[in-house]
Every structure is written in structure tokens, then in C-alpha cells.
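Student: Quick mapping for you: the protein sequence lines, in order, are chains Y and B.
Taking the numbering used here, the leading residue of the first sequence gets 478, the next gets one more, and so forth.
Taking the numbering used here, the leading residue of the second sequence gets 478, the next gets one more, and so forth.
Everything labelled a hint here was simulated from the structure, so no lab data went into it.
Be aware that a few hints might be false.
Identical chains share a label here; the pair holds if one copy fits it or two copies do between them.
What the hints assert, rightly or not - Keeping only pairs whose Cα atoms sit at most 25 angstroms apart, straight-line, the calculated DSS-like set for lysine-lysine is:
| id | residue 1 | residue 2 |
| --- | --- | --- |
| 1 | K550 | K703 |
| 2 | K583 | K609 |
| 3 | K697 | K561 |
| 4 | K664 | K653 |
| 5 | K550 | K609 |
| 6 | K542 | K664 |
| 7 | K673 | K627 |
| 8 | K727 | K622 |
| 9 | K609 | K561 |
| 10 | K611 | K656 |
| 11 | K673 | K653 |
| 12 | K664 | K654 |
| 13 | K510 | K622 |
| 14 | K517 | K574 |
Bear in mind the structure is a predicted one, so any value in this text is a computation, not a measurement.
Number of protein chains: 2
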Amino acid sequence: MRNIKLVLQYDGTNFCGYELQPGKRSVRGEIEKALHKLFKIKTRIIGVSRTDSGVHAIAQVVNFKTTNQIPTKRIPAALNSCLKDDIRILGAEEKGKEFNSRYAAKSKEYEYLIFNGAIIPPSVRRVAWHIKYKLDLAAMKEAAKILVGKHDFSSFCASRSDDKNFVKRIYKLSIKKRKLAVFSGEKIDLVSVRVKGDGFLYKMVRNMVGTLMEVGLGNKITSDIKNILYGRNRRLAGRTAPSHGLCLIKVHY
Amino acid sequence: MRNIKLVLQYDGTNFCGYELQPGKRSVRGEIEKALHKLFKIKTRIIGVSRTDSGVHAIAQVVNFKTTNQIPTKRIPAALNSCLKDDIRILGAEEKGKEFNSRYAAKSKEYEYLIFNGAIIPPSVRRVAWHIKYKLDLAAMKEAAKILVGKHDFSSFCASRSDDKNFVKRIYKLSIKKRKLAVFSGEKIDLVSVRVKGDGFLYKMVRNMVGTLMEVGLGNKITSDIKNILYGRNRRLAGRTAPSHGLCLIKVHY
Chain Y
478 MRNIKLVLQY DGTNFCGYEL QPGKRSVRGE IEKALHKLFK IKTRIIGVSR
528 TDSGVHAIAQ VVNFKTTNQI PTKRIPAALN SCLKDDIRIL GAEEKGKEFN
578 SRYAAKSKEY EYLIFNGAII PPSVRRVAWH IKYKLDLAAM KEAAKILVGK
628 HDFSSFCASR SDDKNFVKRI YKLSIKKRKL AVFSGEKIDL VSVRVKGDGF
678 LYKMVRNMVG TLMEVGLGNK ITSDIKNILY GRNRRLAGRT APSHGLCLIK
728 VHY
Chain B
478 MRNIKLVLQY DGTNFCGYEL QPGKRSVRGE IEKALHKLFK IKTRIIGVSR
528 TDSGVHAIAQ VVNFKTTNQI PTKRIPAALN SCLKDDIRIL GAEEKGKEFN
578 SRYAAKSKEY EYLIFNGAII PPSVRRVAWH IKYKLDLAAM KEAAKILVGK
628 HDFSSFCASR SDDKNFVKRI YKLSIKKRKL AVFSGEKIDL VSVRVKGDGF
678 LYKMVRNMVG TLMEVGLGNK ITSDIKNILY GRNRRLAGRT APSHGLCLIK
728 VHY
């Protein structure tokens, strides 16, 4: 039995998310369909991040087992020919039989983009949250420091979660301005929230971003973030940031 | 009668183009509908570039006449509230009564993006032409020089055009590599073709890019470009590059 690791990208806009959902178009469903077409037998994949509907990925990692003898380097092109252009397999690698994309991951990195201004350019509408009122980035950076480290993140976990261990370690949580240029003439100022951690609870990044946004808008202050974190109660945190601003950007093994 | 100039952006993917077409969603149609909603009377707009279906714009310019007394600075937000998010009015300005967005333009600039590699990232699939075989950029740059200057561009004009004057002046035609970063972790290498001219025939930029691409692929050489240009016959030129790689980036008045 061969164990194949794939790295893939997708624009999350037209997916119900990573996980299978009856009657809906999921990332996992599309890849498993492509594998079925290629190998003629049902093949199950394991993904490192079960991204929600609308969430993007530039480096999702999955693995699957197969007895098929197709050369590894031919797998990306073969699968891509069976997939729509909003999802692309970038690379394939044969791993040892013990490799599991989810459990082998040491840490994951996400980026959340915010457009902070009056009129959001159409070119970033699918990748950035539009916040019209001016954000206090210094206050957000200060508040973000509270969340770095090993904590019980219950307050940032969505209620329908099946998570059991709420203690996670956040290695890095940076907030900075960056420019995005889709076309030459267009330099768009965005706010980028990057977070790296050893694991994430259901909707944790979006709940963290939504809460930090409240700080940026002056509705909450740094000590509120402490109370929210230590209160270990989802009802204490701010709103959930919308999914389309989020992207899985790296998985470290 | 007030004469208002608007600058606007759009993602061309879901438009039939700038011009009205029966039963289809056009840029002009959407803006005229929004103006009708706002002013309660039919208002006609004049646009500087009649972009085709799929072509994007980050600085399309239109103007319209109205007796309505809404403050100019309130116009963008008022119109945007009536428009879908793939089109945004960025600014409005009151001009003298003689101003005509089309005839007052001194020059226009377009950018055409190409992704030159095996697997195109989903994030650029709507803004870049995917060319798998390696392009010879040096040969393309050399050939591009032939097209700069004042010429009869009949060979690059699509046949169903109603253009009458085929002589246009190309001020600049540059071909260079550039990086595009949609998400932090993702730096995508693209080829950018930028062209600035005092006017363009129907599908002229796309025909120029399609022909230069043939040079990049080794199917044509620089002397062929001379023969095409001087032959003044559309059948001589290469294919028409697809619309989604093209963007109107600047209009000079």
C-alpha cells in the first residue's frame, strides 16, 4: 500500500468547506471523486485542516493510501485534469506508511485579510473582510499579545464543535499592514492577521479575529481580552469574522 | 445641467462587457440602473473603454449629465449601495459641460497578465492567461518594439469592428515579469504586458498579445510581426488572447 501526500490550493468561494456534506460541493468530495475517476476505486483522503465554507487554502495537505502504481510525479496533472480550476493539486510525494497529514502536523499558519476603508475594490472582495471604520492597529497588536502562548481557548471555540482538548499553543499572532497588487496600477492596502499555532479549535481563528476587531473599533480593551480568554466561555468573545477573509497558508511537519 | 465624471472598478468575470446587450448584465446597464434608482429618471452614461466580456477595469471612466442636486462627494456611496460588489464607484467629480469621457481621453493603458507554468494557482485563474510552454520573453520584447509608434493596426483589429480610423499610436509596450501576492505565503510569478496608446481598435490589445505569444512560443519571429503589421490584414495575425487576462488600468486626460 502506497501512502501519498498531496499539497493543494483552492479558492474557497464555491465550496461548502473541506468536509463532505450531503448534496454539496466539498474540497474532500471533489478530490475523492477525482481519485475515483483516476484509480477506479473509492479512495478516502485525510486532510490537515477542515476549512469552512468560503475559507481559502494555498497549502492544504492531504494524504491517501492506494495500491495504484501511477508514478508519483504524474499524480498532480492527472488529478488536475479531473478538477475544476478553483482547486489545483500542486505537488505529490510518497511518504512512509505511518504518515497522517493531520496527526503529523507540528503547526499550521493562517492569514486573515481585512480591507479597512470606505470602498472595497472588487478584486479583493472574496479574500478580505470589509471594515469601514478606522481600526486602531496599535490597540489590536497589544491585545493580540494576550493570546500568544499556551492557553485554554474555550472562549474562542464555536459551540457546535466536537473538540475535546481546548488547550492550544499559539506561537505567533502578528497584525500588520500589507499591500496587495492584483493589477499593476492597483496597490491595495490591507491589514493582515497571521497566526501560527500547534492546533486550532472550531472557528478559533475567526473568533480571535472578530474579537480583536472589537478592540480595533474601540468596543473592547486589552483587559477585556484577558477576561474573555480566562473566562473560558464562548459567549464572552466577540463576533465570528466572516469566512472569506481566512486562508490556510502553511503547514509545518 | 451638471456633468459628472465617475471612476470605477470591476471584476469583468460576470459581465457581458461594458456595452448594453439585450437580456445580459453589462457594466453600463448596471450603472444606468443604479442611476435610475437614485435619480428616478433615465440617465445615459458614456464610457471611455467598451471592455469586452471578462475584461476587468481598475480605472474605467464614465460621465453623465443630470439636473439632480445630490452633492458630488455623496455619489459614490449612493451608487455603490445600488450595485453588486463586483463593481465599485471609486470617485465622482463635477466637470465642465463639454467634458466627454471618451473624446477627452489622451491615452489609455491596459495590462495583460500571463501565468507561464505547469499549474495555475486558483487565485489568479480569473486574471491571467495560462500558458504552459515556456515563453521566450527576450524574443517577445524584441518583437514588441515593432508595434510601438504610429501605425495602421488593421491586422490587429477584429473583423466585426465598426472602427473607421485604423491608425493608432502606441506609446509604450512593455513585457516584464512581476510577482503577485494574493496571500502572504503565495508569491506568484506572472508575465505582464503593459500597453499605452492614444486609442485601440476592437480587440487590438488581445490580438497583439496573442501574436506576441506566438513569438514567445517560437511559432513566429520578429520579421513575421513586421509582415503582419505592414500587411494590414487581420488574417495575418495570431490568435486573440482570452479576455480574462486583460485589465484597463489607467486613462490619461
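Student: Work down the list of hints and note, for each, if the structure agrees.
Tutor: Evaluated hints:
1. K550 with K703: Classified as neither; 49 angstroms inside a copy, 42 angstroms across copies.
2. K583 with K609: For K583 and K609, neither the intra-copy (36 angstroms) nor the inter-copy (35 angstroms) Cα distance is at most 25 angstroms.
3. K697 with K561: neither (43 angstroms within a copy, 32 angstroms between copies)
4. K664 with K653: both (16 angstroms within a copy, 18 angstroms between copies)
5. K550 with K609: So K550 and K609 pass the 25 angstroms test across copies only (17 angstroms; inside, 46 angstroms).
6. K542 with K664: Result: close neither inside a copy nor across copies, 44 angstroms intra and 31 angstroms inter.
7. K673 with K627: Classified as within; 12 angstroms inside a copy, 55 angstroms across copies.
8. K727 with K622: within (21 angstroms within a copy, 42 angstroms between copies)
9. K609 with K561: between (34 angstroms within a copy, 17 angstroms between copies)
10. K611 with K656: Answer is within: at 17 angstroms inside a copy they meet the 25 angstroms cutoff, but 29 angstroms across does not.
11. K673 with K653: Cα proximity of K673 and K653: one copy only (15 angstroms, versus 35 angstroms across).
12. K664 with K654: Answer is both: 12 angstroms inside a copy and 17 angstroms across each meet the 25 angstroms cutoff.
13. K510 with K622: Neither way: K510 and K622 sit 43 angstroms apart in one copy and 48 angstroms across, limit 25 angstroms.
14. K517 with K574: Answer is within: at 22 angstroms inside a copy they meet the 25 angstroms cutoff, but 69 angstroms across does not.
Hint violations for this structure: numbers 1, 2, 3, 6 and 13, all remaining hints satisfied.
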